[in-house]
Each structure stands twice: as structure tokens, then as C-alpha cells.
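Chain order of the listed sequences is F and V. Just so you know, the numbering used here puts 78 at position 78 of the first sequence, and the rest follows in order with no gaps. Just so you know, the numbering used here puts 1222 at position 222 of the second sequence, and the rest follows in order with no gaps.
This list has only true hints and no planted wrong ones.
Under the rule of at most 20 angstroms between Cα atoms (straight-line distance), these lysine to any residue pairs were calculated in the SDA-like manner:
#1 K41/F / A62/F
#2 K1141/V / Q18/F
#3 K58/F / F1065/V
#4 K20/F / F1110/V
#5 K11/F / P1099/V
#6 K11/F / N1106/V
#7 K41/F / L1108/V
#8 K11/F / G1174/V
#9 K20/F / G1174/V
#10 K41/F / G1054/V
#11 K11/F / L1108/V
#12 K11/F / R1152/V
#13 K1141/V / R1118/V
#14 K20/F / Q1143/V
#15 K20/F / N1106/V
#16 K41/F / L56/F
#17 K11/F / H1096/V
#18 K20/F / I1111/V
#19 K11/F / L1154/V
#20 K20/F / D1107/V
#21 K20/F / H1109/V
Residues on chain F that point at chain V, a partial pick, calculated with CB under 10 angstroms:
#22 K11
#23 I72
#24 E73
Hints are computed from structural coordinates only; laboratory data are not their basis. For glycine and all other residues, C-beta sits at the position ideal for the given N, C-alpha and C.
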Amino acid sequence: MATIVVHVMPKPEILDPQGKAVGNALPRLGFEGFASVRQGKRFELTVDGDVTEETLAKAREAAETMLSNPVIEDVVAVEVVD
Amino acid sequence: MARIGVVTFPGTLDDRDAARAVRLAGGEPVNLFHTDHNLQNVDAVVLPGGFSYGDYLRAGAISRFSPIMDEVVDAANGGMPVLGICNGFQVLTEVHLLPGSMIKNNDLHFICRDQVLRVENTDTAWTNAYITGEEITIPLKNQDGQYVADERTLDELEGEGRVAFRYVGGNPNGSRRDIAGVTNARGNVVGLMPHPEHAVEPGFGPDSREGGRTGTDGLGFFASALNALLASA
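Hey, can you work out the whole structure from these sequences and the hints?
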């Protein structure tokens, strides 16, 4: 079993209300020193056996067309984790 | 009688209200299911509000891949009137029939209130019963209602008169340029976040000058579609 991990983040120019709320809550709970927070998504796609170039290409396509919406999000990484 | 389809996805909430609105406007509502592969010869389609697929992934993102959406996209590209309300608007952006997208409301709150809108474009299949610049009051209720698009797309929408509705009396959710709803270039596909189908019958609508819950400003959406279908018949 291997896992392909897809990381999706809101585009830099898009406001991230969730990240902002988390960022505002941090100092209230005593976690000082963080200038801002942005919140993204991590998807783990598990495959039986090894990850082939073909599976990876499919994962990249899924990341661009379904797992993210290019209007508001960027796929920042597609990586294989054993 | 014009047949207007109302699509039910898993998690749709406002399909029955939308069907009722169609009936009150004088049309025949037709229930369509997300697994259907045909539109049962309807003349127009409404994608109603709710939380299809629990808003998992992104609002509207999974509904977009429903079998019925292939048919809706084909019909829309052929000129059929299609209206997306709230979650239905989100589905229309995810399936690329309308530009932009919706993110969480600026303040992260679920907002539920009567909302004043200005009808900016009355040349669409869903707004021809209104007067340009007319202000209407219909309910707004959502969590992911902040309309966003890049500046170029927004300029294009403004330049082509494709901003169909704008929020009046304060922007409730941070939507770019106060945009509450947009249309495609052809004017047959319209999407908006507020809910016209909840303002179609005295006694159940928003408050108006005539008294509490008397507002029926949403009825014009459905009357517009019937006008458009008559004109094209």
C-alpha cells in the first residue's frame, strides 16, 4: 500500500475566513508569535501496491479538476508517501 | 403548460419550495432526481438550495458529477433556462456554467435574513418580469455565500452587464462588488445566493410594506421563465 498526498490551499489573493478566525483565536489561547494562519486541505489517496507514473498522473488530474477549484484554490503539492 | 424541472440531490432542502413557486407562478413543476439521465422533456430547470452531499469537498463540488448534471449542462448550452439558487448557484459555478465561486461568509456566520437586492439585468430568462434597478426583498440563508472571482472576470462581468443582482443596504457576506447573482452571456443561465422561492405567497414571505410576511418579490423569477418560454415558443 502506498499513499499519494494532495495538498490544496486557498489562493493567496483569496481571503481565507477560516484561517483568519483560527489566527485570531491563537493568541487568545496563549499561542503568541504567529502573524497569520491560512487553512488548506490534505487528501490521502491510497493505492494497492506501488504508485505508478500512470496513477500519479491520474492523481494530479483529479487534484486539478475535482479536489481543488482553480477559481479559489491552488494544488500546492502532489507527493507519494510510502 | 410550461414544465419546469426541479432537481433533488442528496441533501437538497428547498426542492419542494421551488416546485411550489413554479406552480404558484403558473407552471408545471417536474421532480428530477440526481441519478436521472434525462430531463423528462422539461422546458426549464431549477437547481434548488440546500447542502447537497453535505457540502463535502466544496459546496456543490460533488453534485456537479451527478448524472443529471450532464443533461443540465447540455440543455443549458442549448439555451434552456436554468436557475441555480444558493447551493444550486454553487453547483452552476462548479460545473463552469457560471463564472466565479463561493467561499465562507466573511464573518464565518450562517446568515439568515430578509435581504434587499437590486435587479441589475432584466434581459435574462429569469429576470425579465422585473424593472431594471428594481429593489426586491427575498430571504438570504447560507454559510458559504461570499462570491469571489479574479478582477479580470469581475471587470468582464460588469462590462457585459452580467451582474444580475447586487446586495443593497450592506454587503452581508463580503461578496466581491456586492454581487448577489450573475448570468451567463446568453442570459438563460442565472445563479444567485438569496432564495426567491421563499417569497412567492402572502403569509409565508418576507415582511413588506403591506404587512408582515406578505412579500412575494420572488415570484417574478418564475414568471420570467414562463415569459421567456412563451416568447421562444
